[in-house]
Structure formats: C-alpha cells, structure tokens
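Chemist: Sequence:
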Amino acid sequence: MVSQDTPCLRVFRRRTHWQLESYSAEDTFKLESVGLEMPVQKICRRVRREVGLDVPFL
Numbered sequence: 001m002v003s004q005d006t007p008c009l010r011v012f013r014r015r016t017h018w019q020l021e022s023y024s025a026e027d028t029f030k031l032e033s034v035g036l037e038m039p040v041q042k043i044c045r046r047v048r049r050e051v052g053l054d055v056p057f058l
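The opening residue of the sequence shown carries number 1 in our numbering; numbering runs sequentially from there.
Simulated from the structure, these hints should not be mistaken for lab results. Just so we're clear, the structure is a prediction, and the values are computed from it rather than from any experiment. Among these hints, one or two may not hold up.
Here are the simulated lysine to aspartate or glutamate pairs, DMTMM-like style, with alpha carbons at most 20 angstroms apart [to be verified]:
#1 LYS42 - GLU32
#2 LYS42 - GLU26
#3 LYS42 - ASP5
#4 LYS42 - GLU21
#5 LYS42 - ASP27
Assemble the whole structure, with the sequences as input and the hints as a guide.
Modeler: What follows is the structure, encoded as structure tokens:
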C-alpha cells in the first residue's frame, strides 16, 4: 500500500505470514518475486503526480 499524503509504503508478504513491513522516504524496498528493488521516494513521487499533488518530497 502506498500513501498519497506522506512518503510511506506498507508491504504485506505471504512468506512472513502477512506481517506489516513499513518503509519511509529514505528506505529502499525489494519485491523479490519480480526482482524489483526501488527507493520509496521514486514510488511516492509518481503517486503524488497521479493524484494531482506534484510537490516533491524532501
């Protein structure tokens, strides 16, 4: 889940029995199943643009 108001990302993984993993703006998250590693900042900037909030974080 990606917040549209704050640079925050929440990930629930089956292999960890759906325990919450939280990532903030300074973090990088990894989706092992698809081989993706990306900074949270990059995701948050795109979400903000799509909801009409083209204001950079930090």
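Chemist: Against each hint, give a clear statement of whether it holds in the structure.
Modeler: Going through the hints against the structure:
1. LYS42 - GLU32: holds (18 angstroms)
2. LYS42 - GLU26: Distance ~10 angstroms between LYS42 and GLU26 Cα, so the pair holds.
3. LYS42 - ASP5: At roughly 14 angstroms apart (the allowed maximum being 20 angstroms), ASP5 and LYS42 satisfy the hint.
4. LYS42 - GLU21: holds (18 angstroms)
5. LYS42 - ASP27: holds (11 angstroms)
The structure agrees with every numbered hint stated previously.
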